[in-house]
Structure formats: C-alpha cells, structure tokens
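A.B. asks: Those protein sequences? They're chains A and B, same order as listed.
For the first sequence, this note's numbering assigns the number 1 to the initial residue and increments by one for each residue that follows.
For the second sequence, this note's numbering assigns the number 1001 to the initial residue and increments by one for each residue that follows.
Calculated from the structure, these hints are not laboratory results.
Just so you know, even glycine gets a beta-carbon here, dropped at the ideal spot from N, CA and C.
Possibly wrong hints are sitting among the right ones.
[What the hints assert, rightly or not] Label-pair restraints from in silico Cβ distances:
| # | chain 1 | residue 1 | chain 2 | residue 2 | range |
| --- | --- | --- | --- | --- | --- |
| 1 | A | Gly131 | B | Asn1088 | 46 to 52 Å |
| 2 | A | Ala21 | B | Ser1063 | 17 to 23 Å |
| 3 | B | Met1106 | A | Arg177 | 36 to 42 Å |
| 4 | A | Asp44 | B | Arg1110 | 47 to 53 Å |
[What the hints assert, rightly or not] Chain B side only, calculated, beta carbon under 10 Å to chain A, not exhaustive:
| # | residue |
| --- | --- |
| 5 | Asp1008 |
| 6 | Leu1011 |
| 7 | Gly1017 |
| 8 | Ala1018 |
| 9 | Ile1052 |
| 10 | Ala1057 |
| 11 | Val1068 |
| 12 | Arg1080 |
| 13 | Glu1117 |
| 14 | Ile1118 |
[As the list claims (entries may be wrong)] Computed list of chain B residues with no C-beta within reach of chain A, every gap over 10 Å:
| # | residue |
| --- | --- |
| 15 | Asn1045 |
| 16 | Asp1061 |
| 17 | Trp1108 |
| 18 | Arg1138 |
| 19 | Pro1141 |
| 20 | Asp1146 |
| 21 | Asp1161 |
| 22 | His1179 |
| 23 | Ile1182 |
| 24 | Asp1184 |
Next come the chains, spelled out residue by residue.
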Amino acid sequence: MLSADEAADLIEAIATRQDRAAFARLFQYFAPRVKAFIVRSGADPEAAQEVAQEALIMVWRKAASFDRTKASASTWLYTIARNKRIDHLRRNNRPAIDTDDWLTVFAPEEDGADKSVLAGQTYTRVKELLGGLSADQLVVIEKAFFEDKTHTAIAGELKLPLGTVKSRIRLALARLREALEKDES
Amino acid sequence: MSRHPAPDELLLDYAAGALPDGPALAVALHVALDPQSQRTVDRLNAIGGALIEREPALDLDDSALEEVLARLDEVPVEPRRVAAARRNPAFAWAPAPLVPHLRPGMDWRRVMGKFDEIRLDLPGDFHRVSLLRLESGRGLPEHKHDGYEYTVVLQGGYTDDTGNYGVGDFAVGPGDHRHEPIADPGDPCIALIVVENPIVLTGPWGRWLNPLVSRGWI
Chain A
1 MLSADEAADL
11 IEAIATRQDR
21 AAFARLFQYF
31 APRVKAFIVR
41 SGADPEAAQE
51 VAQEALIMVW
61 RKAASFDRTK
71 ASASTWLYTI
81 ARNKRIDHLR
91 RNNRPAIDTD
101 DWLTVFAPEE
111 DGADKSVLAG
121 QTYTRVKELL
131 GGLSADQLVV
141 IEKAFFEDKT
151 HTAIAGELKL
161 PLGTVKSRIR
171 LALARLREAL
181 EKDES
Chain B
1001 MSRHPAPDEL
1011 LLDYAAGALP
1021 DGPALAVALH
1031 VALDPQSQRT
1041 VDRLNAIGGA
1051 LIEREPALDL
1061 DDSALEEVLA
1071 RLDEVPVEPR
1081 RVAAARRNPA
1091 FAWAPAPLVP
1101 HLRPGMDWRR
1111 VMGKFDEIRL
1121 DLPGDFHRVS
1131 LLRLESGRGL
1141 PEHKHDGYEY
1151 TVVLQGGYTD
1161 DTGNYGVGDF
1171 AVGPGDHRHE
1181 PIADPGDPCI
1191 ALIVVENPIV
1201 LTGPWGRWLN
1211 PLVSRGWI
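Next up, chain A with everything else stripped away, as it sits in the complex (with noise of 0.2 Å):
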C-alpha cells in the first residue's frame, strides 16, 4: 500500500533529485495496476505491459509538473496512462501531434481555482464517494473508464435509452459534486 502523501513525494523525489530508488517504488506499485487498467480495455497482456512501461517512464520525464496541490499521484497518473492508452490505440494512425500537447490534463497555472482544499483530500473522498454510487451509475462510469466508451456507445451495449445513460452520469457526478462542496464549505 502507498497512501496518496507517500506517491506525492516519490514524484517529487524524481523532480528534484532524479532519484532512481523513488523511481522502483513507484513503478513497483502503480506498473501492476496500470497494466490490469490496459488489460480491461481489451489490450493483451503483452501490450498493456508495454503501455504500463511506457506510462512510467513519462511519470519519470513529466515529475516536474506534478502538483500535489492540483492533483493525487494517482490521478495524475491516471491521466498519462489514459494518454498512453490513447497512444497506443491510435499507433497505426499516429497522430502528427503527442496527445500530452493538447490533450489538457490539469488546471493552468493562472487559474484561480480553489485550492482550500488539498487534492489528495479530495482524492481519498472520491475514493470513498465512488463506494456509494448505485450499481446502475458504477456500471456506467466503470465502461467508460476502462472500456474507453462514450456514454451513446454504453447506452447501445447496455441496450438502454441514450437519456437513461446520461441521466446516470449527471446523477452520479451531482452526488460527488453535492459531496465535495459539502466538504469544502
């Protein structure tokens, strides 16, 4: 187990000292998870090992621009695992331009954006927010994640209406939101 404080000072640790030891931890606990992730969007094992390689060493290139103030590792890692998937997917078409140029991750510097509460805070409550969600909105949110379906793709595999599925969604994210302002005010 690596609690979200522990992750946050493994990047950091790269950052700034390029610290190989951080390094192994981090690959040794999040590589695992990554590669099952790959795994369920359909990928064989071989090549979801290859994606979760490739994810890790993008944590080692990008540790600079973590902000544990913005993000959790994990979230954070998920995002570049969700690029590199995307990457992959997409390698016989590659496009003319790295996904992680545009394809936005975390709020700009600039923004504003509350920062009263900490990210891995906010992490550990969505952990928990996620364990309260109906049966009928995980199975939703899980497809979309792991399968890397759109919301119309889900509704015509679950063979329900398109306005089933995003009612789900919206009420999913309203009890989350409801949640963490709660939290936050």
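For chain A, the structure is supplied; the task is to place chain B on it using the hints.
C.D. replies: Relative to the frame of chain A, chain B by itself:
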C-alpha cells in the same frame, strides 16, 4: 462562469479518453476556458485514479523494471513547463490546447464572402474541424447539420435562437435544428466548430451550394 457548459456526459467521455480527436479538442478548449468544467474534469480524473488504484495488480515480467531503469539514462527529467512563450501574436486568443494545432503559415480564408475559416487537420479523425471568424453583426448562412456539431467560443460571442454564447461557452447540437448564428457587437467572434458531417445549407442558395459543401470545396 459559463452560461453554457458542456454536458456532464461529454465531460465524462473526454476524461475517459473515449472521444475522437475533433470533439476532444473542442472539449479541451472549453475546459481550458471554463473553471467550473475544469473542476468537473479534475474530479472525473480523480475517479479514474481511484479506479486504477482499485485494480488488482497484474504482475509484469520479472525483467520489466530492469528494462525501464536501463532506459532512464536517455530520458531526462524535463523542467517544469512554463506557459508557451513561442506563441504567434496573430493567434493571441488561442487557448493552450489549440496552440500545437496552429502551424506557421496558417491563415484565414474567406468563405462565401461571409466569414473566414481555418481548417484544422487532425489525422485519424473523420470530423471536420474548423476555426470560424465572423465580424460583428454578420451571420453564418442558415444551415442545419446531419449529425453532431460541437462549438466552443474563443473570442467575442454570438447569438442564435437558442441563446447568447460568450468566450468559453459550449454548444452541442444534434443536427436537425436549423440555426443562423449572428456575431455579437465588439471583437469578431472566433469559434472552433467540429461537425460530424458537412453542414446542409437551408437558405435560398442551399440547393446550389450544398453539393460543393459536401465535397468539401467550400
């Protein structure tokens, strides 16, 4: 605060990485300009993080870490990225995610004598992705769409029968609705428009011009 945010389900598609490049660019620009949608996306990304962490670990080959460590010598830890300094002053209005798509030498092209267009080339995506510029008080020809249309305003604003749209506002239109957007007073309205299929003109010249539009000539 945006009066017209992108709908939650589209923000989810975006955060999950499921959108094709054209619509993903439209959402990326909206999110860059709209702090509230940015917050929603940050939260969705946190869900992604939580889901990854809940995954049962799937072991890598024994040599996987060694391989990566061996490669790190050639991979420098990059310095923290500062805001793009090499920005072209002609595109000062462009939010950061658009900048890599604006290649040197790109310029506005007048279309039908009514508006200016820069067509963006997103390899691997079938959507038609354009920047449109409309002088204050000018309108786009009345048209409808065959399929989805995503619009995000980058400068100025426009008004159509569904409301008034300012910088950062997002409009998603299923196509059968005819509309005739008019640019608001002030700076010219600049917007990114992503359409699934060529637009269908519904005004008096439509039947003559539509074949040209569908061939991508105008």
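A.B. asks: Does each hint hold? Answer for all of them.
C.D. replies: Going through the hints against the structure:
1. A/Gly131 - B/Asn1088: 46 to 52 Å: At roughly 48 Å between Cβ atoms, B/Asn1088 and A/Gly131 fall inside 46 to 52 Å, so the hint holds.
2. A/Ala21 - B/Ser1063: 17 to 23 Å: 18 Å, holds
3. B/Met1106 - A/Arg177: 36 to 42 Å: For B/Met1106 and A/Arg177 the Cβ distance comes to about 39 Å; the hint holds.
4. A/Asp44 - B/Arg1110: 47 to 53 Å: 51 Å, holds
5. Asp1008: 5 Å, holds
6. Leu1011: 8 Å, holds
7. Gly1017: Hint on B/Gly1017: holds, closest Cβ of chain A at ~4 Å, below 10 Å.
8. Ala1018: 5 Å, holds
9. Ile1052: The hint holds - B/Ile1052 has a Cβ within 10 Å of chain A, the shortest such distance being about 5 Å.
10. Ala1057: 4 Å, holds
11. Val1068: Given a least distance of 5 Å, the restraint on B/Val1068 holds.
12. Arg1080: B/Arg1080 check passes; min Cβ-Cβ to chain A is 4 Å, inside 10 Å.
13. Glu1117: 20 Å, violated
14. Ile1118: Hint violated; B/Ile1118 Cβ to chain A Cβ min 16 Å, cut 10 Å.
15. Asn1045: Violated, because the least Cβ-Cβ distance between B/Asn1045 and chain A comes to about 5 Å, which does not exceed 10 Å.
16. Asp1061: B/Asp1061 not clear of chain A: closest Cβ-Cβ about 7 Å, inside 10 Å.
17. Trp1108: Consistent with the label, B/Trp1108 stays out of reach of chain A, its closest Cβ about 21 Å off (over 10 Å).
18. Arg1138: For B/Arg1138, whose nearest Cβ neighbour in chain A is about 30 Å away, the distance exceeds 10 Å, so it holds.
19. Pro1141: At about 29 Å from chain A, B/Pro1141 clears the 10 Å cut-off, so the statement holds.
20. Asp1146: Correct as stated: the minimum Cβ-Cβ distance to chain A is 16 Å, above 10 Å.
21. Asp1161: Nearest chain A Cβ is 23 Å from B/Asp1161, so the label holds.
22. His1179: 22 Å, holds
23. Ile1182: Correct as stated: the minimum Cβ-Cβ distance to chain A is 30 Å, above 10 Å.
24. Asp1184: 25 Å, holds
Of the numbered hints given earlier, the model fails hints 13, 14, 15, 16; all others are met.
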